[in-house]
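**Q** One-letter residues, chain by chain:
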Amino acid sequence: GQSLEQPSEVTAVEGAIVQINCTYQTSGFYGLSWYQQHDGGAPTFLSYNALDGLEETGRFSSFLSRSDSYGYLLLQELQMKDSASYFCAVKGQAGTALIFGKGTTLSVSS
Amino acid sequence: DVKVTQSSRYLVKRTGEKVFLECVQDMDHENMFWYRQDPGLGLRLIYFSYDVKMKEKGDIPEGYSVSREKKERFSLILESASTNQTSMYLCASSLRGQNYEQYFGPGTRLTVT
Numbered sequence: 002g003q004s005l006e007q008p009s010e011v012t013a014v015e016g017a018i019v020q021i022n023c024t025y026q027t028s029g030f031y032g033l034s035w036y037q038q039h040d041g042g043a044p045t046f047l048s049y050n051a052l053d054g055l056e057e058t059g060r061f062s063s064f065l066s067r068s069d070s071y072g073y074l075l076l077q078e079l080q081m082k083d084s085a086s087y088f089c090a091v092k093g094q095a096g097t098a099l100i101f102g103k104g105t106t107l108s109v110s111s
Numbered sequence: 061d062v063k064v065t066q067s068s069r070y071l072v073k074r075t076g077e078k079v080f081l082e083c084v085q086d087m088d089h090e091n092m093f094w095y096r097q098d099p100g101l102g103l104r105l106i107y108f109s110y111d112v113k114m115k116e117k118g119d120i121p122e123g124y125s126v127s128r129e130k131k132e133r134f135s136l137i138l139e140s141a142s143t144n145q146t147s148m149y150l151c152a153s154s155l156r157g158q159n160y161e162q163y164f165g166p167g168t169r170l171t172v173t
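Protein chains in written order, with the working numbering: chain A, 2 to 111; chain B, 61 to 173.
Since the hints were made in silico from the structure, they are not lab data. Values in this document were obtained by computation on a predicted structure and should not be read as measured data. All residues carry an ideal CB built from backbone N, CA and C; glycine is no exception. Treat the hints with care, as some may be off.
[As the list claims (entries may be wrong)] In the PhoX-like style, the derived pairs of lysine-lysine whose C-alpha atoms are separated by at most 25 Å in a straight line are:
1) LYS130/B with LYS117/B
2) LYS103/A with LYS117/B
3) LYS115/B with LYS130/B
4) LYS82/A with LYS63/B
5) LYS115/B with LYS63/B
6) LYS130/B with LYS63/B
[What the hints assert, rightly or not] Quick list of simulated restraints, FRET-style, between CB atoms:
7) ARG69/B with GLU57/A: 33 to 39 Å
8) ALA51/A with GLY123/B: 45 to 51 Å
9) ARG133/B with GLN77/A: 21 to 27 Å
10) GLU15/A with SER142/B: 40 to 46 Å
11) GLY123/B with ILE18/A: 40 to 46 Å
12) THR173/B with ILE18/A: 41 to 47 Å
13) ASP119/B with TYR31/A: 17 to 23 Å
14) LEU55/A with SER142/B: 42 to 48 Å
Build the full structure now, drawing on both the sequences and the hints.
**A** Structure, rendered in structure tokens:
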């Protein structure tokens, strides 16, 4: 079967750093995406990792280890507006659609 | 900017009714997708399409059908709505070969009573 595991909830304070992990088990693997969804809003694309290593985009970074079937999203200098749900998603095989995890709800407090 | 629009933000239908959810994207994307989102279950793929008149079943196609007569428009049809189809429905689109980067519409919250 195919599955993605990520924590259901994470809490942190403003200014802190938080890491949201994602482990996957899929038949075939092309890459790992991350999406952000604010309450009542649409998911928005954050990043995509096809190769091992760290990709940095401003305060957000995403990491992939293909050998460990593992990735994470790193959020630095947390702000209240970062409170949202974060989904990892795997592109498993050519021509197939994304498989989404169930999401991690991040709550940032002051 | 990519824009994906959905025909309704909120919809209330009765059990047994035929329901049409419309999605339009304005960026000439080849791929379009329909998901439903339920608390604790994440996004589950219902159907997707890689081209006009082409469709593929996702993980939960039962009770749904789709239509893609034009490249920019992808419709989701509930042939006979049931209460277990009460959910948030999200449409998305992407460029061919780049379905790792999908653009989502605002969603339609459908309630079936």
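**Q** Going through the numbered hints above, which ones does this structure break? Give me the numbers in ascending order.
**A** Hints 8, 9 contradicted; others consistent.
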